[in-house]
Each structure stands twice: as structure tokens, then as C-alpha cells.
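Colleague: Model the full assembly from the supplied sequences, consistent with the hints where possible.
Single-letter residue listing:
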Amino acid sequence: MNFPYRPEQASNFAMDYDALFFTISALTAIFTLMVMVLCIWLISKYKRGKDADRSNPVHHNTMIELVWSLISLVLGMGIFTWGSKIFIEMRQPPANAMEIFVVGKRWMWHIQHANGIRENNELHVPVGQPVKLTMISQDVIHAFYIPQFRVQYHVVPGRYTMLWFTATKAGKYNLFCSMHCGTQHSEMGGYVYAMERPDWQRWLASGGNRYKPVPETMVAAGEQLYKDFSCSNCHKDVDDMRAPSLNGLFGRKRTFNDGTSMIADQEYIRQSLLNPGLNVVKGYNVTMQPYTFSEEQILAIGEYLRTKGTATSEAAQSVNPAVINTAIPAGNAGGNR
Amino acid sequence: MIQEATKPQVFSDTEGHAEKNYLNAGHTLASWLLTKDHKRIAVMYLISVSIFFLVGSIAAMMIRLELTSPRGTLMSSETYNKTFTAHGVVMIFLFLIVAIPGVFGNFLIPLMIGARDLAFPRLNLASLYAFWIGGIMATIALLSGGVDTGWTFYTPMSSMYSNGNVTLTLVGAFIIGFSSIFTGVNFIATIHKMRAPGMTWWRMPLYVWSHYSTSVIILLGTPVVAITLLLVVVERVLHIGIFSPELGGDPVLFQHMFWFYSHPAVYIMILPAMGVISEVMSCFSRNKVFGYQMVAMSSMGIAALGFVVWGHHMFIASQSMYQGIVFSLLSFLVAIPSAIKVFNWTLTMYKGSVWLASPMVYALGFIGLFTLGGLTGLYLACVGTDVHLTATYFVVAHFHYVMVGGTLLAFLAALHFWWPKMFGRMYPEAIAKWNAVVVFIGFNVTFLPQFVVGYMGMPRRYHFYYFAPEFQIYHVMSTLGSSVLAFGLIMPAFYLTKSLISGPKAPANPWGAKGLEWEACTSPPDKHNFHGIPVVVGDVYDYNAEEEELRLKGLAPQMVTKDDKVKFI
Ligand code: HEM
Ligand SMILES: [Cu+2]
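Chains as they are written, first to last, in our numbering: chain A, 24 to 360; chain B, 498 to 1066.
A portion of the hints provided could be inaccurate.
[As the list claims (entries may be wrong)] Straight line, CA to CA, 20 Å or less: simulated SDA-like cross-link-like pairs of lysine to any residue:
1) A:68 - B:1050
2) B:517 - B:1016
3) B:1024 - B:613
4) A:128 - B:658
5) A:108 - B:877
6) A:108 - B:830
7) B:930 - A:72
8) B:1050 - A:77
9) B:930 - B:877
10) A:70 - B:1048
11) B:1050 - A:72
12) A:128 - B:742
13) B:1050 - A:67
14) A:73 - B:853
[Unchecked claim] Chain B is faced by these chain A residues, among others (derived, beta-carbon under 10 Å):
15) 67
16) 80
17) 82
18) 186
19) 208
20) 216
21) 218
22) 302
Calculated directly from the structure, the hints in this document are not laboratory data. For every residue, glycine included, the Cβ atom is placed at its ideal position computed from N, Cα and C.
Modeller: In C-alpha cells, the structure reads:
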């Protein structure tokens, strides 16, 4: 019989993570043993009916208690600092990360690559390439969990969350939904395939899989929606009386009628589509009515707006390397390490 | 009479054994159901929580059996989800939060501080009724239609998506909240106002201190969760947007409000248990608790700090990175008072006279399991390591170590320690002692494997795991362990019940313990607890191990009898 005790180490975080994990485990073992040995020693020494020196019992010793607390404090702060360092790294994706979109719904994962490839309950990523997942749920809270990568994060309805990693080893890994989401929660998962870059490129070139939709890329899909819903009837190439222009919107600071402001990002675009009245750009009235797009459509429109009004391909490439699927420089493997 | 080294004192005559006591003060059903006697209320709590514990345990065994196979074979996923929800709700709201305060808090606080009853006897009875009403509502809801949200009731699933009996369960939990609040108010008022002459704050047993800090948490935290649960009901029934983004609400807000109570609630569950351990360690070491004041103050420290660490349940729930780091830091700080306590209990045996009677064996089990439970809390308090472990079996193992290994073992220690006081009968000591060892072993076999399988990535609340068959070996071990544990937990029901009928009668103080409940009242206590108002003259836990040893050998006079020792007005 074999007793595996550790998930494979298949991402940039795994080694660091395990080093800390085993350090805490060592401390846990030492302290537990210490308490046990102390207990057993005291019991055997001072067992009832056994001769021992019981004179002048000690009922407190502030010094010893302080020292004990201080040792715990110092060790605790050490672990805290180390763990926070790992966490800070986990929460800050490198600038060259390839972006992939994830929509969770009961009970499946829907994955959307910028180049238009879609997958369900599977995620294909190249080894050595930092990957950033932008995730949202269409119903309840889910969580995206890849144990072999040591990454996990909630996927929440109504807001985008982020998770990133660099796969370091080709292989097939578990993908779990780890936030209880209802009847088939335990089956809301699949596999993550980390592939060597040439294999991954071949996978891409073959169209990934049969879920590839008609408009080729997410940008194209977004542009199609933009046309279908005639957004440009109001949003012209320059600001006018009726509505502000959306050219070059992405990443710009927007100031609103109530004096507040926000950087225009995916979250802002999502909110403006679903609830246009919430933040109205300074100088305008709300004439736009709420739309009911699916999360996938919103993501596509966001990708389109990211490029709109810029020299499309270059800008797109600088923002999201995955848009041009073969253009990822092969030399930057390993993320920010 | 010279006490044997290994046996509690048992009297064949009725010395110290009250003929007239609270148990036989009235025999009608009404004399129980309408009683205002804190001791009778405690007994009714004992019966109720035991029944709820049985219900929760049956659900647990169903879960464990189902998990031996990666595909499950006994039930559908829907039933599985309803089963673990029932297990969680019953164990948390109907057993852990209530058990020690309801049974031993009620029974002992007046006895320990020398009062005739709690400050508000009617409120005390009301708390029992609130517990019954809420508990029965919740149980009916869980057993009839069922609820599949888990005991945490995360929104928007609980408010918009789940179609089980969520509303009824939440209303039940809301009512149980009142039961808690009534008890908390009562304990605080009693401890402030009803201490006997001479019972100063620093002469109070640590058990009373632990209930004092617990009651503070109850009063500050319970109203928040009560409102939160009610808001879920409001959204569910009236569709007023609070937590659901579809209605303009914020789903994560629920988690903040829920954990603001539910983190402190873990201390509601453990602090009274810690109080029990202080009493037992002291009595069976014949020593004052090491660092008595420090232990009392660390309870208060835990109560205060416990309110500022709730975010450690939400490290990956989309709170900001900085929030995560601050909550992590604070969580490390709250671990220190617990570390102090473990250290102090252990040192209590130093230069003591250690008597391995059954309550002591349970208490030593507590120390071992709570140490591991607390230390594994560090993996989870450390934000970097929590990312991978949260929502896996690692967390499941952690909280079972503190809640079963901690609270439940303390409950058993308390039950064995005060059983002779409550019912005036002795149980078979040897069986009880070995049973504690069975519980300890069964527990470890059940829950140690869960740390490993959690680290390997087994998510909690999973019905199937056929996509990771390497998890199975650990699940099988866990299920085997749980049957040993189940055996160990059923045993006391038999031998304790049997002792009521045929057990030898217990004297007032079979363990030779210190404290008003042992030294100033009979077993079982009189209806009015004391024959006068006791006056406390000595220090708390004034054991003397050296003298005790001499007495064992017959070289020192026997202990002074209660009349010389305790004065009454
Ligand atoms: C020594 C101090 C302790 C520390 C540092 C600690 C730390 C933690 C942390 C950080 C979590 C969150 C894990 C997560 O959700 O990812 C957690 C979970 C939990 N802890 Fe502790 N803990 C301690 C003691 C206790 C005690 C005394 C109890 C109960 C008697 C307890 C019961 C729980 C429960 C029930 C959960 C899981 C809640 C859930 O998600 O269902 N813990 N603990
Ligand atoms: Cu899910």
C-alpha cells in the first residue's frame, strides 16, 4: 500500500509553500512532543503515593510565563512574516501574465481564453508562463482550487476575483470547486493540463477543442456584441452631448457626477453595463438603461473595450499577451522569480 | 478512614449523602418542568444535549460510512449534503455552544460562589425553553425537508438558491441565540452580585472566571449573528436585497457578519472547557493551578482578542490583501493566551500529587488533543499556508481537534468529575478510566489522517472523490477510527446511567477536592444548596500535596470535616 502524503509540486509557489508548511509542522511536532514529555515526566515523578520532594510548591512564576509567551510570540511572528511574504506574492500577478477568464456556475467551470478558445471543466496552460485568472460566478460563491499548484481563491458573484500561478511541471492536475455550492458541488471540477510550450502551441493551433466559437478571439466577440447592440449609436469616437466616447477608456481615470472617481477596469465596465446609473460620468445624465448580458458576454465586451481606440494589435499585445496566441516571447518563463 | 491510592472515596453509610436533596424534592413532572432550581435546569439540559449529541453523531457516522468509497454508495449527493449540514448545525448550535454552560455552568456557578441560585431563576428556565423551542424547530427542519447549505449558511446560496428548510432552521437558530443571551446575562449578574462573603474575584475558581469571559462574548456576539440570520430570512422570504448581488446586495458582507460572531463562538465553545480543565488538573494534582491569575486573565484576553480575528476565515474570500495580513497577525496574537494555558495546566502537576482518576485521564487527553488542535490553528492563521488548506479536510481536522478533542473531552471530564455531586452516585472507576483511553485513541485514528488528506487537497463537504483515488486510504482509516470513537462515546451513557440505579452512594467529597461545591454541600446538594450562607476564609485551591501524601500513608490526620472548615452564617 502506498501512502502519498503531499500533492505534487507543480507551480512556482509549491516549493516555498511546502518549505513553510514543513517548518510549521516541525514546530508543531516539537511543541506537542514537549508538552507530552513534560506531562509524562511530571505524572511519573509526582504520581500519587510515590515518594518525591513536594515541599515548597510553586504556584506561579511570572518570569517563566513571560519567557514562554515571548518564545511563542517570536516564533509566531516568524511564521507570520514568512507566510505573509508568500501571500503577497500570490496576490500580485506579474505584468507579463497571460490572462484567462473563468466563469463558475452550478456545477461547472467555464474557461475562456482570450484567443477565443473555450473549455469546460478543463484548463490548458503552458509550463513556465505566468497565468492570471480573472474569475466571476454566475450564481453562488464557488472556489477555484488546484492543490498541486497550492492556489485557491473564491469565485464570487457580482465581482471579479483573481488568482495567478506559473505551472512548473507538465502534467495533469486536479481542479476542484472547494466552496460548497449545492447538490453536485463535489463534481464541480476537472483537470488542469500543464503542457510544454510546443505542445500547448500545437493544442492552440488545433483550435484547442470543439468549443471554439465563431468569432475568433474574445476581442472579436466583444466587437460583434458592440455592433449587435449598437453601442456606437451613443458612444461615438469623441465625447458628445449624449454620451462619453469609449475610445481609450480602459485604464483611464473616470470622474463621476458625485465627485468620486474610479479607474476604468473590468469591474467598472461590468458595473456600467448592468447598472449604468450607479456611477454617472461627470457632466452626463443617465440615458443608458441596464443591459442583461451573460458574464461571458460582459468579459468579451471588456476585452474589446480594452483595445478600442488604440492601435489594436500592439496595445492588445502589451496588455494581454494571450490575445495573439503565438506571440508570447518564449524567453520569459518562470514569471517573476 | 484511609483512602486507597487508586479509588475515590465511597461511603456505604449515608454520611454526607443527603436524604433530602434537589433530586427528590418533588416527583411530579411539573416539579421539573416549572422548576426554577438551577440544578434541575442543569439536569434537563444534560438530558437534552445528550439527545442532540446522539442525533449529531448518527449523522456523523453516516458521513463517515459514505466516505469509505470514492463514489459513495449509500445515499445521493443531495442527502449527503443534508446530512453534513444536519451534523454541523446540531453539533455546533445544539451541543457545543450549549453543553458546558447549560449543564455545568448552571449547576456549578451558584455552588462554586456560594449562592442559592442564579440571579434570575425564571430567566434561566426561559433559556431552557428557548433552547428547546429553537432546537426542536431546527431538528424538525433538518430531518423533514433538510437543508443543504452547510452550517455556515453562506449567501447567496442560503438566501436565493437553496430550496431546503433554510428559513425554519434559521429561525430556530435565532431562538437558540436568545437562550444563549439569557444564560450569559444570568451568569454575569450572578458572578457580580451573588458571591458569598469572602468570595473575592481572586478567590473564584477558574471555572467561574471562564464562564465570566464566555458570557461577555455571548452578550457582544450573539445579537450580531441573530440579526444576520434574520437578514438572510428577510432576503429569502421578502427578496429585499442584502446579500445577493442579483438584488443589489453584497454576498461577502454575510461572511463578515457571520464570522464576527462565529469566530468568537469558537471561544464560547472552548473557554468553559478550559475552565473545566483548570478545576480537574488542580484537584487531581492536589495543587493550585499554576499561574492562577495569568490563566484567568488569559481567558479575558481571549474574549477580547477573539473579536478582532474573524477575517482569518476569509483570507481567500476576496477581502483585500492588507486585510488578510492584518487578520493573520492578530490571529497569531490570540493563540498566545491559549499557549499560556496549556503550559500552566501542565505545570500544575509540578510538585503535586497526581491522581490518575477518570476525570484526570479525560483532562490529560484534552491537553494532548487541544495542544495539537491549537498548533494546527497556526497553519490556518498564517495567511500564506491557509490559502491551500482552507476549505479542505485540514480545517476539518483542526476544528475537530479543538471542538471534539477539546470541548467534548472537557465535557466528559466534567461529567465524570461532578457526576457524584450531581447525582450522588459513583460509577465504575476502572471502566471509566479505560474508556477515556479508548476515546483518545479512537479520536486520533479518526482525525489525524484528515490532516494529511487535507494537505493533499481533499476539499471538505465533498461527497465523491473518484477523481483522486489516493485519498481513499485516509478516509478508510478515518472511518475505522470513528467506530472506535463511537464505542468510546456510547459507553458512558451505559455505565453512568447504570450508576444511577446501582452505583454506590457518593459522599459529599469523593475526590477530596477543594471548593464550596465539595466542601460546603452534600451530594447531591440540598434544594437550597447550602444550609446557611457560606463564608469563604481560605484561598482558592488551597491543596497541600505534601500533607496529602502523608495522609495517604496514614501519617497525618484526616482532612478536617466540613463543619470545622467552612463557616456558615
Ligand atoms: C489556538 C488558537 C486557534 C487558532 C490560531 C485557530 C485558527 C483558525 C483559523 C485561522 C481558522 C480558519 C481556517 C479557514 O477557514 O481556512 C480556523 C477554523 C476553525 N476553527 Fe480554529 N483556531 C484556534 C482555536 C480554535 C478553537 C479553540 C476552536 C473551537 C473550539 C476552533 C474552531 C474552529 C472552527 C469551527 C473552524 C472552522 C470554521 C468553518 O469554516 O467551518 N478553533 N481556526
Ligand atoms: Cu462550487
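Colleague: Each of the hints needs a verdict: does it hold here or not?
Modeller: Results for each hint:
1. Proximity of residue 68 of chain A to residue 1050 of chain B is assessed by CA-CA distance (about 18 Å); at most 20 Å being required, the pair is judged to hold.
2. Under the criterion of a C-alpha separation no larger than 20 Å, the hint pairing residue 517 of chain B with residue 1016 of chain B is consistent with the structure, at around 18 Å.
3. For the proposed pair residue 1024 of chain B and residue 613 of chain B, the alpha carbon gap of about 9 Å is at most 20 Å, so the pair holds.
4. Taken as a hint, the residue 128 of chain A and residue 658 of chain B pair is honoured in the structure, with Cα atoms around 12 Å apart against an allowance of 20 Å.
5. In summary, the hint linking residue 108 of chain A to residue 877 of chain B is supported, as the alpha carbons are separated by about 15 Å, within the 20 Å threshold.
6. Using a Cα cut-off of 20 Å, the hinted pair residue 108 of chain A and residue 830 of chain B holds, with the two alpha carbons roughly 18 Å apart.
7. Taking the CA atoms of residue 930 of chain B and residue 72 of chain A, the gap is near 18 Å; set against the 20 Å cutoff, the hint holds.
8. With a CA separation close to 15 Å, the supplied pair residue 1050 of chain B and residue 77 of chain A stays within the 20 Å bound.
9. This hinted pair does not check out: residue 930 of chain B and residue 877 of chain B have alpha carbons roughly 34 Å apart, beyond 20 Å.
10. In summary, the hint linking residue 70 of chain A to residue 1048 of chain B is supported, as the alpha carbons are separated by about 15 Å, within the 20 Å threshold.
11. Distance hint between residue 1050 of chain B and residue 72 of chain A is fulfilled; the C-alpha atoms sit about 8 Å from each other, no more than 20 Å.
12. A threshold of 20 Å between alpha carbons decides the hint, and for residue 128 of chain A with residue 742 of chain B the separation of about 15 Å falls inside it, so the pair holds.
13. Simply put, residue 1050 of chain B and residue 67 of chain A have alpha-carbon atoms about 19 Å apart, close enough for the 20 Å limit, and the pair holds.
14. At most 20 Å may separate the alpha-carbon atoms for a hinted pair to count; residue 73 of chain A and residue 853 of chain B meet this at roughly 13 Å.
15. For residue 67 of chain A, the shortest C-beta to C-beta distance to chain B is roughly 9 Å, which falls under 10 Å, so the interface hint holds.
16. Proximity of residue 80 of chain A to chain B holds as hinted, the smallest CB-CB distance being about 4 Å (cut-off 10 Å).
17. With its C-beta approaching chain B no nearer than about 5 Å, residue 82 of chain A sits inside the 10 Å limit, and its interface hint holds.
18. At its closest, the beta carbon of residue 186 of chain A sits 9 Å from a beta carbon of chain B; the interface hint therefore holds under the 10 Å criterion.
19. Against a cut-off of 10 Å between C-beta atoms, the interface hint on residue 208 of chain A holds, since the closest Cβ of chain B lies about 6 Å away.
20. A hinted interface residue such as residue 216 of chain A counts as satisfied when its beta carbon comes closer than 10 Å to some beta carbon of chain B; here the least separation is about 14 Å, so the hint is violated.
21. Look at residue 218 of chain A: its Cβ only gets to about 19 Å from chain B, farther than 10 Å, so that hint breaks.
22. Interface hint status for residue 302 of chain A: violated, as the beta-carbon distance to the closest one in chain B is roughly 14 Å, over 10 Å.
Of the numbered hints stated above, those contradicted by the structure are hints 9, 20, 21 and 22, listed in ascending order.
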